[in-house]
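Those protein sequence lines, which keep their order, are chains A, B and C. Counting with my numbering, you get residues 1 to 231 for the letters of the first sequence. Counting with my numbering, you get residues 1 to 183 for the letters of the second sequence. Counting with my numbering, you get residues 1 to 183 for the letters of the third sequence.
Bear in mind the hints are in silico, worked out from the structure with no lab data behind them. Incorrect hints may have been included.
[Unchecked claim] Partial list, computed: chain C residues near chain A (C-beta under 8 Å): (1) Y25; (2) K78; (3) T85; (4) P87; (5) E90; (6) A96; (7) D132; (8) S141; (9) A149; (10) I150; (11) V152.
Where is the CB? At the ideal position from N, CA and C, for every residue including glycine.
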Amino acid sequence: MAFEVKLETFDGPLHVLLELIQASHLPITEVSLGAVTEKYLEYMNSQDVPAEELADFLVVATKLLLLKSQAILPIEVEPEEDPSTLALQLRLYKEFVDASRTLEERFDSGAWSLARATPDIVRLELAEVVTNLSKNDLHDAFAGLLKRLEPFFRLQTAALERVISVKERLREIHDAILSRTKMTFRQIAQAGKSKVDVVVSFLALLELVKQRAVQVVQSGVFDEIEITRVD
Amino acid sequence: MVTTTIEAVLFAAAKPIKLSDLRKYLDVSEEVIREAVDDIAARFNVEASGIHLMEQNGAVQFVSNAGVGEAVAKFLKKEASGPLTRPSLETLTIIAYRGPITKPEIEMIRGVNCSLILRNLLIRGFILEEQDKERLQPVYSVSHEFLQAIGVNRLDALPDYEAFRTNEKVTELLSREPDTQEI
Amino acid sequence: MVTTTIEAVLFAAAKPIKLSDLRKYLDVSEEVIREAVDDIAARFNVEASGIHLMEQNGAVQFVSNAGVGEAVAKFLKKEASGPLTRPSLETLTIIAYRGPITKPEIEMIRGVNCSLILRNLLIRGFILEEQDKERLQPVYSVSHEFLQAIGVNRLDALPDYEAFRTNEKVTELLSREPDTQEI
Numbered sequence: 001m002a003f004e005v006k007l008e009t010f011d012g013p014l015h016v017l018l019e020l021i022q023a024s025h026l027p028i029t030e031v032s033l034g035a036v037t038e039k040y041l042e043y044m045n046s047q048d049v050p051a052e053e054l055a056d057f058l059v060v061a062t063k064l065l066l067l068k069s070q071a072i073l074p075i076e077v078e079p080e081e082d083p084s085t086l087a088l089q090l091r092l093y094k095e096f097v098d099a100s101r102t103l104e105e106r107f108d109s110g111a112w113s114l115a116r117a118t119p120d121i122v123r124l125e126l127a128e129v130v131t132n133l134s135k136n137d138l139h140d141a142f143a144g145l146l147k148r149l150e151p152f153f154r155l156q157t158a159a160l161e162r163v164i165s166v167k168e169r170l171r172e173i174h175d176a177i178l179s180r181t182k183m184t185f186r187q188i189a190q191a192g193k194s195k196v197d198v199v200v201s202f203l204a205l206l207e208l209v210k211q212r213a214v215q216v217v218q219s220g221v222f223d224e225i226e227i228t229r230v231d
Numbered sequence: 001m002v003t004t005t006i007e008a009v010l011f012a013a014a015k016p017i018k019l020s021d022l023r024k025y026l027d028v029s030e031e032v033i034r035e036a037v038d039d040i041a042a043r044f045n046v047e048a049s050g051i052h053l054m055e056q057n058g059a060v061q062f063v064s065n066a067g068v069g070e071a072v073a074k075f076l077k078k079e080a081s082g083p084l085t086r087p088s089l090e091t092l093t094i095i096a097y098r099g100p101i102t103k104p105e106i107e108m109i110r111g112v113n114c115s116l117i118l119r120n121l122l123i124r125g126f127i128l129e130e131q132d133k134e135r136l137q138p139v140y141s142v143s144h145e146f147l148q149a150i151g152v153n154r155l156d157a158l159p160d161y162e163a164f165r166t167n168e169k170v171t172e173l174l175s176r177e178p179d180t181q182e183i
Numbered sequence: 001m002v003t004t005t006i007e008a009v010l011f012a013a014a015k016p017i018k019l020s021d022l023r024k025y026l027d028v029s030e031e032v033i034r035e036a037v038d039d040i041a042a043r044f045n046v047e048a049s050g051i052h053l054m055e056q057n058g059a060v061q062f063v064s065n066a067g068v069g070e071a072v073a074k075f076l077k078k079e080a081s082g083p084l085t086r087p088s089l090e091t092l093t094i095i096a097y098r099g100p101i102t103k104p105e106i107e108m109i110r111g112v113n114c115s116l117i118l119r120n121l122l123i124r125g126f127i128l129e130e131q132d133k134e135r136l137q138p139v140y141s142v143s144h145e146f147l148q149a150i151g152v153n154r155l156d157a158l159p160d161y162e163a164f165r166t167n168e169k170v171t172e173l174l175s176r177e178p179d180t181q182e183i
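Excised from the complex, chain A in its bound form (with noise of 0.2 Å):
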């Protein structure tokens, strides 16, 4: 499976948050994550964010969106998703990747211990093959490690759909904004279904901004966000 594989090397959504932080050289604070929202934003939309990690992609970016303007977002703020946590998260998460530095070092300096490469106990030489265990225990230990590794299966397979999903989502933001002249950021994120999907309509809106296929205004900083056409 090639995704897979890209997976492996692949930086989760806190990696990439912490270089853009370091890049701008700024402490991590909930001011600096404000000020990388976008260049976040543009590393999703640019990099081919692997399937299995795109969700945790989009959670970093909504508690982003929460951070830097509470108000654009016309959804409630759960006390679990207090996005000054998002800044906790960030410094705990940059003290593993330093150690990890320690650990990476340490791995590959060539001061390995080894075992012992053959234990005594081949020469043990048990008589004979001794067991309480019936035809049917091995039958059973088989039919309990196919059903063990079903969620694996699923899991494949759930993680494309999802894919599938965000992408059908994004066209039918471009398709619901381009087919009038006038609409409000509210009617859109109220289709969504889930915090996830008011997150992509609002990438969908950021995109458009960028192609200057739509204008936003927001009068005030609670007011509602209206998208006009561009003609």
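Fit chains B and C to the known structure of chain A by using the hints.
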């Protein structure tokens, strides 16, 4: 005498042996085993000794001294294990410093789903998975093999080990975010 | 330093090493090697040590102290022949239904490193290891003695043998997984 037997057993077995198995099969108390193991570690884990005692996950194993690791590997023509990707390395670091740790906790710190990385690290033998009876879900710890690959006999020999174990940011984050995003 | 390296090499090699090879490899004189080996013997060959140094025909080897040999054999036998754990049973089952099968294949199916489990199953005589000429690595099958012990004459007498052997999900898993050594 118990100490001599333990030394001989660990030498012959050539793999990690659980302290609980030593206690059970040698039919002595936990204290006697602990004392003997500490005595062995104190005598063997010195710079001049070619053989060291490694302890992790409640199991002990004799390994060669990492300080002369390069020379030994060259003599035995042992090759280094393949490189680690950054995501794998990050995950291993979190498990080394905070293990035994659950998958949701690892994912909270990394901010990303870790199923596949955990599976690959399990296959590679760098981490172990165990069912935690209290938390009712699997927990992960680094294995003796990983400690061998980084050349430390015990996890608490890692820099800042204690600081990480008691890191209040982790505690705070775990309390703030009761359930990490399931995808 | 030379002494430490010799100790580590002899320990990890787990077989007799010629003094001449040590001399050549470490690039030191015969006298230095002699002195180091004598020093090691003097420290290890005492009653209380679980590990002894044996010298024979110009080669040296670490062995376990014969004085506790019986206790060691008893321990290892008990440790090796305890009840099968769930992971061991699962591995054995995969080998029964899908053998001859390689270690990487077993590990892909189970999602866990199986080195120690395979070692244990071999010691107990439940499975056999054979070199596969095409795949250029060992393959595992259950032993005839094991089949007899569970009252089966032929593999295909195992319940659901054909269905499990040809289960297409398992086959798919084996065919699509990337090389996990690449992490």
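Checklist entry - Among all the numbered hints in the text so far, which are the ones the structure does not match? => result Violated hints: 1, 2, 3, 4, 7, 8; rest satisfied.
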